[in-house]
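> Those protein sequence lines, which keep their order, are chains U and S. Our numbering applies: residue 1 is where the first sequence begins, and numbers increase by one. Our numbering applies: residue 1 is where the second sequence begins, and numbers increase by one.
If you're looking for bench data, these hints aren't it; they were derived computationally from the structure. A portion of the hints provided could be inaccurate.
To be verified - Just some of the chain S residues that point at chain U, by a computed CB distance under 10 Å: (1) A53; (2) K71; (3) S73; (4) W75; (5) R119; (6) S122; (7) Q126; (8) I128; (9) L145; (10) D146; (11) Q155; (12) P157; (13) F160; (14) A163.
Cβ atoms here follow ideal geometry from the backbone N, Cα and C, with glycine treated the same way.
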Amino acid sequence: MLVTALITALYFLTIAIQGAKEFNRMYLWLFGASVVVVVILAVIIIQRVVWLFLKRKQQEPGIQLTTRMVLTFTSLSLPPVIVVYLFANLLVTNYIDSWFDVETDQALNDAISLGKIFLDTQTRTHLNTGKDLANQLTDIEPLNQAIHLDRMMEESQANTLSIFSSDGRLISNSHIDPLAIKPPLIPQRALRLANNKQNYARIEPTGDDKLQIRIVVPITSTSAISIGQNRILQALFAIPENYEKLATNIETQYHLYNKQTFQRQQLKKTFIIILTVVLLISVLLAMLKAFSSARRLVAPIKLLSEATKAITAGNYSKKIPVNSSDELGLLVESFNSMSSQIATSSALAHRAQSEAENQRTYLEKVMSHLSSGVISIDQDHLIRLSNEATNKILHLDKRSIINQNIDYLGIKNPTLMPLIELIKQKMNDHTSNWQQEVLIAEDSFRRVLVVRGSLVSDKEIEGGGLVVVFDDQTIINQAQRDAAWSEVARRLAHEVKNPLTPIQLSAERMLIRFSGKLNKEEDEILNRATQTIISQVENLKKLVNAFSDYAKPPELKKELGALNPLITEVVDLYSISHPSSQFTLNLQTPEPQLLLDKGRFTQLLTNLIKNAQESVDQNVAKIEISTQTVEDSLVLTISDNGHGFSDAIISQVFEPYETTKTSGSGLGLAIVKKIVEEHGGLITVKNHETGAIVSIKLPIG
Amino acid sequence: MMKITVVLWLLFSFQNLFASEVNIYKIKQWKSDQGLTVSPQFRVSADKPIEEAINNGIIITLIIKVKAVEKISWWFDKTLESLKQTYEVRYFSLSGQYQLKNLDSNSQNSFVTLNELWRHLSQKSQFIFKLEGDSIDYFAARFMLDTGALPSTMQLPVLFDTAWDINSDWFVDKYDPENTVTKTSVDTKQ
C-alpha cells in the first residue's frame, strides 16, 4: 500500500513539475509525502538490517543464508538502477539545456523589441491625439467640457475619455460602453506628472491578455474659474485586436521562455531530486523485497534446521508445515515423511530395546539364581557373559569379569589355572560338547568342579565362542564319598564285628583248653598266639567301632552355649594326662554364644588336641588354642609345633583313612570335619613354620 | 568547534543581509457606509531574487489576512470574522509595467516600478467587516507569500531561502472605537 501511494505521489509530482495547475499546489505535499515514504522505507530497511545483525550474533539457523540472499538481491538490483539513474540524469540535464539556445533567446527578444516598437509608435500617435484633445478642451469652458467628451471620444476612437481634477477626483467621464459602471482610475504617477505639466503615455496591461494605451495630459484652461485648478485629461485607447493578439502571444511566449530560463537550474535540480528519490525508492524497495524473499525462501530451511536439531535431540514428533509446492515444499514433505519413519523406527527400536532389556534382565535374574556358574567366551578369549554363581564358585571378588580375558581369572585366583587351561584347550580343539571334572586345590581345600562346555558356531554368533557351565561338585562328591564311606563303614562294622567275638572266644577257649597240657615251648607258643589273636581282635573291634562311629554318628543335641568352658575342660584333662604338654590359651572374652552339641564338640577338641600332641615327635608339645570373632562367626584356631602336614596329603587330610600315623583308625580328622559340618562350620588346615594350624569357623548362634 | 560556530554565524548573517521582510506597523480602522473598514499598513522590503523572478515572468501571489477577535478570559480568543485578499504581482515585458491584480475583486493596477507597486499594496488594501464594533477587542493582520502558487520547481528552494521570506507574523492592533473615522467616498486614485 505504501509503495502504491508512493508511486502515485511521484506520478503527480512529475505532472506538477510540468506546470499542471491542479497539482502545483500539492507539489510540496507530494514531495513531502515522497520523502516521508522514503524515510519510512529507510527506517524499515535499517530495522531489518539491525535485526539481521542481531540474528547473526545469535547465530540463528538460516541467518547466514538470508544475509547472503539479501546482499545478492541488492547487488543485483543496484547496478541497473544506478546506470538508469546516471543516464536519466544526463538525459534530463541535456534535454533541459537543449530547450534553451541563444538563437531562440535572440528571436524572442527581437520579437518583443518589435512589439515594443509597434506599441511605442501607437503610444506616440495616441499621445498626439490626447494632446489634441487637451488643446480642444482648453478652449472649452470647464463646465462644458463634459458635454464634448462623447464627441471627442468618437472622433479620437478612444475607449474612454475622463477629466480629473488635479487632486485626482473624477470630474467627468465618457466610455465607449455606455453600460460600464466602474469609474476609471488615474495612476498616481500619471497624476503627478500631469500636475507637473508633463504628459503621461504608457502601454498598460488590462487583464491577462489585453493591452491599452493610457494617455494623461494636463488641460490648461485660461478661464478665470479654473485658475489655480488644473484639470487633467485621461484617454484610454485600445490596441487593434489583431495586433493585440499577436503582441500578447509574443509576450506570453516570451514570459514562458523567460520563466523556463529562470527556472532552468531549479528545474534540473528538481528532476535530479525526483530521480534520486525514485532511485532511493527503487533500491529500498529492492532491499525490502530482498529481505522478504530471502526470509520466505530461508524459512523452510530454518525450520528444517530446527527440526533436524530436534530429531538429533530425540524429539521425533517435530513436523514442519508445508507452505509451498515447489522444490522446498517437496523437501519439507520428504523431511516430514522421513521424521515420521524415524519416529516409527525409533519407537519400534525402543520397544525392541525395552523387550531386549526385559529379556536380558530376566535372563540375568534367572542366571543370578542359578547355582551353576555360567560364562561365555568369544573367539578372543574375552568373557562376554557371567553370572553371580561364577564368582562364588571360583572364589573371585564381586568385581565384574565381563570383557576381561579368561587369563584374568588366573590372575585373580591362581588356583583356577587348571580350569583355564582346560577351557583354552577345548576352544583350540573346537570340541563341540564336552564335560570334565577339574580339581582346584586352594591351600588345604580341594574342590571338584564339573565343567561342561558347548561350542557356539560363528553362524549363531559372529566369531563364535564357547559357553561353559560349571558346578562345584565338592560337597556332592564329599557327601557321596561320605555316604560311600558310611556304607563301607557300616558294612565293615556289621560284617567284621560279628566274627570278631567268636574269634576272640575261640582263642580264649583254646588257651583255657590247652594251657598246661603242652610242653613248655608249645605252651609258650600257644600263649603268645592266643594273646596276639585276642589283642588284634581288640584292635579290630576298636577300628570297627571307629568306623561305626563315622558311619552313623549319634543324633546332635545342640544347645546355646559357650565354647571356652569346653576348651578349658579338654585342656585340663590333657594337661593332667600329659603334663609335659604346654597349652597356651587366647580365648575371647566375652565370648559369643554358639549352638553346640557339647558331647560331639568335646570329641572334636579331643581329636584335634590328640593329633597336635602326636604330631610333636621329640620336643615338648606346645599347643596354642585361640578364639576370635570374625564378622558373624567364631574362629577357633589350634596350632602346634609338630611336623605339620605333608604336601602329599594336605589336600586330603579330611578323607577317611588318610593318615601318616602308624597307629590309629585314620578317621580322626574325618570325624572332626563331620562334626564341624554338622555345626554348619568350616574347617581348614595349613602349615606354619613350626607346625600345623587347624582353623574352625563356626556360626554364632 | 569555535571556528565552526563563527562560520555558521557568518553564513547566517550573510543570508540575513539579503533577506526580504514585511513589517505591519498599524491597522487603520474606520466606519464607512459599507461597514467597518480596516486597512493594515505595512512596509514591504522585497529583495533582488523576488524582483528578478518577477522580471522573468514568475507570478508572485500574496495574501493579506485580517481577523476581528474578541478576547475571552481563561480561554482561547474568539475570532468574530476573518477576511482574506489575494493579490498577484506580475511583469509585462511589452508595456514594461508591473501589474497588481486583486483576485477577489478582479481589480488591477499597473505600475512602472516595483516599489510603487509595493507602496500601493502596503497602504491601499482595505477590508470591510460587517460587524458591530462592541464585541471586537482587537484586529490581527498578517501578510504572506503564497508559495503554493509559485512554479513547482521553485516551491522547495523558496522554503529555505530567506530572500523569499516575505511573510509577517500576526500583527495585533486593538480596536479603538474612539479613533474610528467615518468615510463615505471611495478613493478614485490608484
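> Please check whether S/L145 passes as an interface residue: C-beta within 10 Å of a C-beta belonging to chain U.
Status violated, d = 13 Å.
> Given S/Q126 was flagged as interface, is its beta-carbon under 10 Å from a beta-carbon of chain U?
Given a least distance of 15 Å, the restraint on S/Q126 is violated.
> Taking the closest Cβ pair, is S/Q155 under 10 Å from chain U?
With a closest approach of 5 Å, the S/Q155 hint holds.
> For the restraint on S/D146, tell me whether the closest CB of chain U is nearer than 10 Å.
With a minimum Cβ separation of about 9 Å from chain U (threshold 10 Å), the hint on S/D146 holds.
> Is the interface hint for S/A163 satisfied, with its Cβ closer than 10 Å to some Cβ of chain U?
Since chain U brings no Cβ nearer than about 14 Å to S/A163, farther than 10 Å, the hint is violated.
> So, as I understand it, the hint says S/A53 touches chain U; can you test that by seeing if any CB pair is closer than 10 Å?
Constraint on S/A53 satisfied, holds at 6 Å.
> Would you settle whether the hint for S/R119 is holds or violated, based on the nearest Cβ-Cβ distance to chain U being less than 10 Å?
holds (9 Å)
> Should the interface hint for S/S122 be scored as holding, given a Cβ-Cβ cut-off of 10 Å against chain U?
violated (14 Å)
> Verify the interface restraint on S/F160: the C-beta must sit less than 10 Å from at least one C-beta of chain U.
For S/F160, the interface hint is violated, since the closest Cβ of chain U sits about 12 Å away, which is over 10 Å.
> May I ask you to test the interface hint for S/S73 with respect to chain U, counting a Cβ-Cβ separation under 10 Å as satisfied?
violated (38 Å)
> Under 10 Å, Cβ to Cβ, is where S/I128 needs to be relative to chain U, so tell me if that hint holds or is violated.
Cβ of S/I128 sits 17 Å from chain U, so the hint is violated.
> Under 10 Å, Cβ to Cβ, is where S/W75 needs to be relative to chain U, so tell me if that hint holds or is violated.
Violated, about 32 Å.
In summary, the structure is inconsistent with hints 2, 3, 4, 6, 7, 8, 9, 13, 14 from the numbered list given earlier, while agreeing with the others.
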